[in-house]
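Using the hints provided, position chains B and C relative to the given structure of chain A.
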Amino acid sequence: MASIGTSIAASGPPKAVVRSKGYWSGVGARLRRDPVALVFGTFLFAIIGAAIFAPYLGLQDPYAGSMVSRLKPVGTPGHLLGTDELGRDMLARLIYGGRLTLLLGLLPVLFAFMIGTVLGVLAGFVGGLVNAVIMRTVDVFFAFPSVLLAIAISAALGAGIINSIVSLTLVFIPPITRVAESVTASVRNLEYVDAARISGASAFTVVRVHVLGNVVSPIFVYATSLTSVSMILAAGLSFLGLGVKPPEAEWGLMLNTLRSAIYINPLIAALPGVMIFITSLCLNLLSDSLRTAMNIKD
Amino acid sequence: MLMKTLRTAAIAAMASALMATSALAQGTLRIGMTASDIPLTTGQTDQGGEGMRFMGYTVYDALINWDLSSADKPSTLKPGLATEWSADPADLTKWTFKLRDGVKFHDGSAFTADAVVWNLDKLLKEDSPQYDSRQAAQGKSRIPAVASYKVVDPLTVEIITKQPDATLPYQLAWILMSSPANWEAQGKDWNAVASKPSGTGPWKLTAFTPRERAEMEPFADYWDKDRVPKLDKLVLLPLPEPNARSAALLSGQVDWIEAPAPDIVPQLTGNGFTIVSNTLPHNWTWHLSRVEGSPWNDIRVRKAANLAVDREGMKQLLGGLMEPAKGFLPASSQWFGSPEFVPTYDPEAAKALLAEAGYGPDKRLAVKALISPSGSGQMLPLPMNEFIQQNLAAVGIDVTFEVVEWNTMINIWRAGAKSENALGTQSINFSYFIQDPFTGLIRHLSCDLIAPNGTNWGHYCDPEMDALFKEIRGTFDPEAQDVVLQKTHEKYVNDALFLMVAHDVAPRAMSPKVKGFVQAQNWFQDFSPITVE
Amino acid sequence: MLIYFLQRLVSVIPVALGVSLICFMLVHIAPGDPLTAVMPVDATAEQQAEMRAAYGFDKPLPVQFVLWLGNALTGDLGTSIASGRPVADEVMRAVGNSLILAFFASAIGFPLGILFGFLAGTYKNGVVDKVITGIAIAGVSVPNYWLGMVLVVIFSVSLGWLPSMGAGPGGSTEWAWDWEHLRFIILPAITLAAVPMGIVTRTVRALVADIRSNDFVTALYAKGLMSRHVVAHVIRNAAPTALSVVGIQLGYLLGGSILIETVFNWPGTGFLLSNAIFQRDLPLLQGTILVLALFFVVTNLLVDLAQPLIDPRIRRT
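Protein chains in written order, with my numbering: chain A, 1 to 298; chain B, 1001 to 1533; chain C, 2001 to 2317.
Where hints are given, some of them may not hold.
[What the hints assert, rightly or not] Below are the EDC-like pairs computed for lysine to aspartate or glutamate, each with C-alpha atoms no more than 16 Å apart in a straight line:
#, chain 1, residue 1, chain 2, residue 2
1, B, K1098, B, D1153
2, B, K1125, C, E2050
3, B, K1230, B, E1215
4, B, K1140, C, E2046
5, B, K1188, B, D1121
6, B, K1225, B, D1101
7, B, K1098, B, E1158
8, B, K1487, B, D1466
9, B, K1188, B, D1107
10, B, K1140, C, E2050
11, B, K1188, B, D1127
12, C, K2130, A, D34
13, B, K1196, B, E1184
14, B, K1150, B, E1184
15, A, K245, B, E1405
16, B, K1140, B, D1121
17, B, K1094, B, E1084
18, A, K245, B, E1402
[What the hints assert, rightly or not] To give an idea of the chain C side of the interface with chain B (calculated C-beta under 10 Å), a few residues:
#, residue
19, P2086
20, V2153
21, G2170
22, T2173
23, D2210
24, L2272
25, N2275
[As the list claims (entries may be wrong)] Reference listing, derived: stretches of chain B covered by chain A, where coverage requires no fewer than 3 residues with Cβ under 8 Å from a Cβ of chain A:
#, segment
26, 1240-1247
27, 1377-1390
What the hints contain is simulated information worked out from the structure, not anything from laboratory work. Keep in mind the model is a prediction, meaning the values are calculated, not measured. Every residue, glycine too, gets a C-beta built ideally from N, C-alpha and C.
So here's chain A without its partners, still in its complex pose (with noise of 0.2 Å):
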């Protein structure tokens, strides 16, 4: 839960890496050769396919809750995995619950790794003010441990779906950017880079063409090892009543409220949480496989 950070301090940053043509399809190659990879990418695309198309694998309402069928035991007939605690049908909710808790591990990456690359190479590639003024305010964002300052900025926001996608990005911005930064400034001082430069190509065309092409994948890898930690802070707001509102079907907010059946019925209250081990341990698993068919070293 506290991993960010930690990547980038313990390994500093990836390094750049000058690319050859025939490079992607040599890490595809890579990627199915490796087991692990093979085994639980499948698994994390049955999870995320099966959010995807919820509405048609003929699941019942994740919403409509029966008062007189309340957690049902899981193998009841018409609820293979049981019901919660208004009587809906988990196996729904968790497929359903799965939509929004993968959104709030993807969503909050892929904004900050939007934002935090252009920061990072705007700061990296033009230096000087720039680069003081921007690194200095993510040395202040970075100063915060990343729940403390995603449970701060959600606790300030209120709760809400959009608020959680919100604080969540705000807390990756800053690794994210470090990162950028870092490979970026090592990029502009190759020797083609500046070979590009005096040639007289224009600032932008050389971020364009040289710095993105070498940076942006290594960030990318980074970022994918961020999915997993956003999904749990996400949840982890969610189970503290700072994210996602009831009656949504989220895993956090599911854990949160099935916690007072955990005496009743453990199995049933169990399940999210089980859910966001699974998943958090296939994007782990995934983002270690690719790391390594990459070539990235820590």
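Relative to the frame of chain A, chains B and C by itself:
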């Protein structure tokens, strides 16, 4: 040899562990409260009814106390630090209170008329040295009737009210007396008093860690010898998270928890724990908007909704931990009276009433209701409201919810139904403390208390009702006053002024070792007769 | 060397200022009336205005910030709205409790993480490595608040071995280093240690594997040197980075334990913070976030200052 030594050591360790537990069980009661902090200890408590229950009526007394000795009948007032009181028949605003002789505070100082005036100054007189804004914030609004007060002789106090108000005794039952001598001894600093408070109550606070723990021991010199506590020690632990509270009880860290979640109750009883509950002067209701244009202005619609709710079904949902409403006050209340309208579950009658009001299958009624996912006294607001939504839909009323946080809801409740903050809703789901005439009836519907000036959220104003309220205040004979209160409540129910749904039953779960507890029909409780085996 | 120290020290000042500004602003963009939670629900408008003035909430924001910062510098973080006690006292007591918890979590997580990482890195791609990597990934991936709940159900409720909540039988003020009190810390410490254990394992594994794979070490092997020397070499080279990770994790342990402390009713900063949030206790919220963030800043500073002492490469630059 080694094995033998080990075994002996193990037995010795077990024995000492056993002794430690039995020593702990020797008359110590550990209670898990729902509050997140130890209530204010200096006298006038915070944390609402729970604060008064655990830190108010334990360490302190009021001039007039609640009689908490019976579980079978609604609690009434009884003499506390005052032995008798009366309003002057010639001037009904002038009250005389005779004080109990020989009462001592925990610090040994004597309780006198000066102490009463000193305590009222503490709450009402901002330029008095002992004025405490924290206690004032809690106490001032409880005694709106009080205009002035003075010492007549060491054991007599006179209180003048702003207008004749027979509800003064109920108001004064809120006001707790802390020791002036102790405040002096603690350097006239309320923060210092907080860790060493002194009242006249049956319990002395002996140890206190903010947010974690408070310990009390019996006050052997308590003036009411029958209420000197039997326990050796009472320990209070704030455990706001319901799950943590239950886990603490199940794992034996506490002997008693307040408000176990309904879902956990079967597990608790299955493990041999006792669930104690009783009628509570509490009301879980939809306070209806009577602003122009609200569909609830039509009595037929109000009655239809009241007939559409399956309260017994809801009771099942709550594991039996609720009392289905038969009126605005619990049926056992001395002020219930005998209303003609009975809010039973009769969907057909509800449909007929709606048809009469001009609604039907092709013209369904749409209403917007304000609810919150949690809140003090709100029981299980989401499932309960969803249940009502289904019930009302069945008779032709479609409810859409505005869901807001509890603190936002309180602000909307203060602002009233006409305020923009109310988001155009036509009802607010609120829980009311309804223990006395003012909090129970007057404050909700009095014309001069229309929000934001008071707590009449729905902007209801009926001269007939106001006349009844005036009569309550002007009837000084308690029995005659009860009759007026009954008439008032009958009007509440006959006019179906609220969507009357449920009363909380104040469930608490306790270890079978806890003996002698009598749960009064009150927000406050008496811990004196309890023992722990 | 001295100049490096001074530079690092000075660079902390603007960060600390920025942190305090964020702490202050965060709380003030919060919607809703901060006094709602403390006033009796039927307080009049006049009483509300009085309370607002008493807490200084009627002044313009910049003025409030300057006043707040000035007071904070003298150690006065204001008064908690909900409890009426000084925020500094509340936070310090909570920090003490959180430090106890962080200490135990570190004592479990870091040695285990370093040992695991060392083993996995040494036997990279072997069975040991596979198992340890699995454990580490599980540690990083598990939602620790959920892990805490599961542990309570198993060890407190079902088995009855360990207490489920609180900081000792008599509360934190009577904390003692004996079994009666240590029992209370086992479950929260294990729960809190899961994530740092995973992170440290992964970092150390990568470091060790990296160092072992470089030519120098391979050469040492080739020369037939005893593996004891190899180990010493690896440790010497891995220590600085490992230290910095451990340092940062320590900061995270303190600030990141909010969910765990809520689950276990542990009276630390996280618990205080969640109370402050739900009671909208602004001064307490500001004070707690500020102290935690500054603690994190100082931990990072100490790690930076310690680096050159053990890593000769930095000293030279």
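These are the hints, each one checked on the structure:
Taking the CA atoms of B/K1098 and B/D1153, the gap is about 9 Å. The hint holds against a cut of 16 Å. A distance of roughly 14 Å separates the Cα atoms of B/K1125 and C/E2050; the hinted pair therefore holds under the 16 Å criterion. Restraint check: the Cα-Cα separation between B/K1230 and B/E1215 comes to about 15 Å, which is no more than 16 Å; the hinted pair holds. For the given pair, B/K1140 sits about 12 Å from C/E2046 by alpha-carbon distance, which is consistent with the 16 Å threshold.
A hinted pair counts as satisfied when its Cα atoms are at most 16 Å apart, and B/K1188 with B/D1121 qualifies at roughly 14 Å. For the hint pairing B/K1225 with B/D1101, the CA-to-CA distance comes to about 14 Å; that is within 16 Å, so the pair holds. Taking the CA atoms of B/K1098 and B/E1158, the gap is near 9 Å; set against the 16 Å cutoff, the hint holds. Distance hint between B/K1487 and B/D1466 is fulfilled; the C-alpha atoms sit about 12 Å from each other, no more than 16 Å.
For a cut-off of 16 Å, the pair hint linking B/K1188 to B/D1107 stands: about 15 Å separates their Cα positions. Among the hinted pairs, B/K1140 with C/E2050 is consistent with the structure: their alpha-carbon atoms are about 13 Å apart, no more than 16 Å. The straight-line distance between the Cα atoms of B/K1188 and B/D1127 is roughly 14 Å, inside the 16 Å bound, and the hint therefore holds. For the proposed pair C/K2130 and A/D34, the alpha carbon gap of about 14 Å is at most 16 Å, so the pair holds.
With a CA separation close to 12 Å, the supplied pair B/K1196 and B/E1184 stays within the 16 Å bound. Of the supplied pair hints, the one linking B/K1150 and B/E1184 is violated, its CA atoms being roughly 21 Å apart against a limit of 16 Å. At roughly 10 Å between alpha-carbon atoms, A/K245 and B/E1405 fall within 16 Å of each other, so this suggested pair holds. Annotation: proposed proximity of B/K1140 to B/D1121 holds, straight-line Cα distance about 10 Å (limit 16 Å).
Taking the CA atoms of B/K1094 and B/E1084, the gap is near 14 Å; set against the 16 Å cutoff, the hint holds. For the hint linking A/K245 to B/E1402, the alpha-carbon distance of about 12 Å falls within 16 Å, and the restraint holds. Residue-level restraint check for C/P2086 holds (minimum Cβ-Cβ distance to chain B is 8 Å; threshold 10 Å). The restraint placing C/V2153 at the interface with chain B holds, with a minimum CB-CB distance near 8 Å, inside the 10 Å limit.
With a cut of 10 Å, the hint placing C/G2170 at the interface with chain B holds, because the nearest CB-to-CB distance is about 7 Å. Given hint, C/T2173 at the interface with chain B, holds; its Cβ is 5 Å from that chain's nearest Cβ, closer than 10 Å. Proximity of C/D2210 to chain B is violated relative to the hint, the smallest CB-CB distance being about 44 Å (cut-off 10 Å). The beta carbon of C/L2272 is positioned within 10 Å of a beta carbon in chain B (closest approach about 7 Å), and the interface hint is therefore held.
Below 10 Å, beta-carbon pairs count as interface contacts, and C/N2275 has one with chain B at about 5 Å; its hint therefore holds. Judged by the Cβ-Cβ criterion of 8 Å, the segment 1240-1247 of chain B is covered by chain A as claimed, because 3 of its residues qualify and three suffice. Only residues whose C-beta sits within less than 8 Å of a C-beta in chain A count toward coverage, and the segment 1377-1390 of chain B has 4 of them, enough to reach three; the restraint holds.
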